[in-house]
Each structure stands twice: as C-alpha cells, then as structure tokens.
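Student: Here are the chains, one letter per residue:
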Amino acid sequence: MKKNDEARWAGLMLQAQEGKEDAYELLLSELAEAISAYLRSRFGDIEVLEDCVQESLIAIHQARDTYEPGRLFRPWLFAIVRYKSIDILRKKNSFNKLLELQQLSGDELVLDFDAQFDGKVNCGQILSELSDRHRQAIVLTKLEGLTMREAARYLKISESAMKVRVHRALHASRQLLDAKYK
Amino acid sequence: MGSREELILSLVNDLKVKPKQLPILYVAFLWWVVSWCYVVVATLLMGGIREDSHEHWLHHFQLEFLLGFAASFLVMLAAWMSIVPGLLSKRLLYASLFVFSSWLLLYVIGSYEPVVELNMYDKREHCYFEGFLYSVPPLFFAFFLMSRRFALQQWQSGFLMGLAAGLIPALFMQFFCMYEPLHILQSYVLPVVACGFFGAFLFPVVNGWLAKH
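Residue numbers (numbering that gives the first Met the number 0), protein chains in the order written: chain B, 0 to 181; chain P, 0 to 212.
Where hints are given, some of them may not hold.
[Claimed, not checked] As a list, the in silico DSS-like pairs of lysine-lysine whose alpha-carbon atoms are at most 27 Å apart:
1. B/K90 x P/K17
2. P/K15 x B/K155
3. B/K155 x B/K141
4. P/K17 x B/K155
5. B/K155 x P/K89
6. P/K211 x P/K17
7. B/K19 x P/K89
Derived from the structure by calculation, the hints contain no laboratory data.
Working from the sequences, and respecting the hints, build out all of it.
Tutor: Next up, the structure:
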C-alpha cells in the first residue's frame, strides 16, 4: 500500500507541477487524509490537529516545485509535515504560557486596554506607527470584525499564531498609547 | 463544505506552472565551481602565491589540504541538500561536520607539534579579513540561489552555507600566506566559523527580504 502511495503521489505531484488541477486536488485530498492519520498516530487526538494538517498543506503548496522527479516522495512530504507540526505545537505551548502569564499578571489590564484601544484607534495614528504584521492583525480583527479563525485563514496562518499576533499587536499598541497619552 | 476542503480548493485555484528548476545537485556544483574560480582569481589579484608552497605540498600539505577539500565538499553538499525538504540525511550532516572537525584538529595538533619549521615567509598583511571578505560574495550568491527553494530550518542551512563559503578561501590561504598552524587556526579557520554564524543569522533575513521582493 505504501509503495503504491509513493508512486501515485509522486506521479500526481509531477502532473501538478505541469499545472493539472485535477491531479493536484486529488493529491492534496489524499495527503490531507494521510497527514491527519500520521499526526493522530504520533500525537493522538490533539486539538490543533486540523491546524497542523492545513498548515502542512499550505507548506506543501509553497514547496511543490522543490520536489524533484526520481526522488522519493514520502521523505519530502513528511519532512514538511514534521517541521510544520512541531512549529505549531511549539507556538501553541508558547501561547498557553503567555495566557497563563497574562492571567497571573491580571486580565484587567489587557481588557481595559482593549476598551481604551477601541476608543482611540479611529485616529489612525497608532495604526500607522505599527509594523505591517501588527497593523494587519489589528485591522482584520478589531476594525474589519473578522473572527480569529477568519483572519487566520485570510493570512494563511494557524489560528493560534493569529491569536499570538493579535496579542503582540495589542501590546505594541498599548506601549505606543502609553507613550503618547502619558 | 468543510474548511479543509475550502483550503484545498483555494490552493488548487492558486496552482501556477513555474519554470522548471535545475536539480539541486547541479545548482550546488555550479555554485561550487564558480566560487572556487572567484576565490582563486581574487586571491591571486590581491597577492601572489607563496613561493615555497610547492615544497610543503610534497610533505604534509597533502593530508591537510585533502581533508580540508573533503570538508569543503561535504559541507557544501549538506548545505545545498538542506534546502530541499527531506533530502539531507543525518549521516551526511554528521559526516560533513566530522570531517570539518578533523581538519580543524590537524591544526590544533600541528600547533603543538609542527611538521615543518615555522616561518613568516610571504605573510599577507590582512589575511584574516581577506579570508572572510572573499567568502561574502559566494555566500550572497548562494543565498540568492537558495531563496528559490524551501529551507525548513533556515538557520541551519545558513550556517552550513556560511561554513561552505568560508572554507574555500581558508583552503587557498594555505598556499597564499605564511605557514604556521596557530596562525591558520586564528586567521583562516576562525573566519570560517564566523562566516558560519554570519550565514545562520543572515540567511533568514535575506530569504525573507527576497521572498517579499
């Protein structure tokens, strides 16, 4: 079965590199199932499993031209999947630690700041001083009103990474506000 | 339709045919040959070859140079293979670092027990900076070629490429500057390591910039 997959996936990827959309769709669908099964066998039913699968699919899409005909497909595929999954799990851990720290230091500060930020953001001064990544995160979630999931999908990043980005953007904005309105 | 299916459809819609890329090993050898030619010409233009180097070649240079050459080749191979997912095996990575360490060890041993009489004959004025500076253009040329690939661990690829670029002038300096193992360690090998860290720091930055433009 594995040998069949290997040859079929390699063949489908070569067709995808030539621009055949049907082959590419079939390949991505099969890979999504295989990645999902692989991650479940390694990590169990983790809550970020779907994030890992989707991030892996995006990375496969970005790296599709680096697959060379004649080379094994599975080592190429699983190197990407392993790297992306570990990256997401690491970010998830960092985000959890961040939340714990935030809870220890007091939620009120952040919530107060959210209200403060929502009231003053219209002037655009703070936004213009933020970095592109932070500005984008604030605009999508605070002004456009997208949910974290929708914003994450738009930016092609995981939901947990989106939450971290928004948190950092708010923190950077708070520092700017503190400096301006002290 | 679930979010996964939506994602797959959007990726399929984004499918574009890109020009075929050369196999990574072709690119690697092309870079290696061009870099060697550049370093030889640059070093010759900036100062002549040491007159007695051919005498040393007959004695102990062979082992040092051949080991250094092997290290340069293996590190270069590991660096280029690291930018294609799943291509670099741990065996090759460790082998390249082992040969590089062995080459370095030869000079550590040589500094305690020199094989030939030490001399300052044909010492170049700025050999420390020369070695490092000569390795910078090949390094940036490599970054440019590497940016079209997909390095998963960018700092690792940058570090290996920095070592590979730094090793080429370091090997040549054996023929172009004075012979003394401690001098070689300080003035040629140290810049190789510095170039490795330089590459590790710079590659993610350059890669990000090139991806945007």
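Student: So, for every hint listed, does it hold in this structure?
Tutor: Hints versus structure:
1. B/K90 x P/K17: Roughly 32 Å between the alpha carbons, so the hint for B/K90 and P/K17 is violated.
2. P/K15 x B/K155: 18 Å, holds
3. B/K155 x B/K141: 18 Å, holds
4. P/K17 x B/K155: It holds: about 21 Å lies between the C-alpha atoms, which stays within 27 Å.
5. B/K155 x P/K89: 31 Å, violated
6. P/K211 x P/K17: 17 Å, holds
7. B/K19 x P/K89: Answer violated: B/K19 to P/K89 is near 35 Å, above 27 Å.
Consistency with the previously given hints fails for numbers 1, 5 and 7, ordered from lowest to highest.
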